[in-house]
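**Student:** One letter stands for each residue in the lines below.
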Amino acid sequence: MPDEVRVSIASDADLVPARAEARALATELGFTRTDATLIATAVSEIARNIVVHVGVGEIRMSPMLEDQRRGLRVVAVDEGPGIRDIEQALEHGVTSHRGLGLGLSGARRLMDDFEIRTLTPGGTTIAMTKWRVLDELERLREDRRRDVRTDDGRR
Amino acid sequence: MRVAVLRQGDYLIASIQSDLTDSEVVALRELLLERVGRFRCRGVIVDVAALDVIDSFVARALASIATTARLRGADTVVVGIRPDVAIAMVHFDIDLHPLRAALDLDEGLAALDTLTGGSRDAR
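From first to last, the protein sequence lines stand for chains A and B. What the first sequence shows, in the numbering used here, is residues 1 to 155, in sequence order. What the second sequence shows, in the numbering used here, is residues 1 to 123, in sequence order.
No lab work stands behind these hints: they were computed from the structure. For every residue, glycine included, the Cβ atom is placed at its ideal position computed from N, Cα and C. Just to be clear, a hint being listed does not mean it is correct.
To be verified - Derived CB-CB ranges, DEER-like:
1) S64/B - A20/A: 22 to 28 Å
2) D3/A - H97/B: 40 to 46 Å
3) L31/B - T32/A: 54 to 60 Å
4) G37/B - E4/A: 24 to 30 Å
As the list claims (entries may be wrong) - Counterexamples of contact, computed for chain B against chain A with all Cβ distances above 10 Å:
5) L31
6) A49
7) D113
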């Protein structure tokens, strides 16, 4: 599994590979087809946010491997003017002058964790993660692997 | 554009073949509106089964196709929205009411027949 997948965003055409990479990584992490679609949709929204409001940026996607759960973390980075009013950008039904204001609130609802850091000027970083809890079988395998590793350490 | 547009009787069938860019989605709307006038169509079917993501932009574009085609005298039915895509679409604050949907092409054609009172051409 890759440590990180990066997709440069410079035009609306770049949303197509961003969605595809998000789905591929989600599938690799064992997310259901529905969750993979929710993740790919959220990635599409934040990538479009870059295209429309800044022009250039990057989407970075990485697997999160924890004891009891797996996550897919998506970070969108741009060096644009920043978001002046984050609350407003996330508000229900608020549309910007180009009528695309729904993207961020939609992305937030599609994912589990969602965080925006912005500097005006300086740029915006949006980090969001979708989690899935390991099932019984995966947990047993995980435990077994840990036990084997501990045994090896003793020898 | 990766969309096949066919004419069947009074209906236009736009079959999207693969994931589209935003520009291609906008171009599709222009194309359909033009064809509705040129062929005097009374119904439009947009088959989105090949789309594995319909985000807020595409959802809005589909609603816009339906609304504008209506102003040109044609009803629109979107067919082939996948179950996972439908689940994602309800997360957006978008009024999806202008969108009429049917399960597949057959159901879509039946829905258009009901909406328009049937195609004038014998089928």
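**Student:** Now, for every hint given, state plainly whether the structure supports it.
**Tutor:** Hints and how they fare:
Remark: the range hint 22 to 28 Å for S64/B to A20/A is upheld by a beta-carbon distance near 25 Å. Between D3/A and H97/B the CB atoms are about 44 Å apart, so this pair conforms to the stated range of 40 to 46 Å. Remark: the range hint 54 to 60 Å for L31/B to T32/A is contradicted by a beta-carbon distance near 35 Å. Range check, G37/B to E4/A: about 49 Å between beta-carbon atoms, so the 24 to 30 Å window is missed.
Non-interface call for L31/B relative to chain A: holds, since the shortest CB-CB distance, roughly 18 Å, exceeds 10 Å. The claim that A49/B is not at the interface with chain A holds, since no C-beta of that chain comes within 10 Å of its own (minimum 14 Å). Distance check on D113/B: its Cβ is at least 31 Å (rounded) from any Cβ of chain A, clearing the 10 Å threshold; non-interface status holds.
Hint compliance for this structure: hints 3, 4 are not met, and every other hint is.
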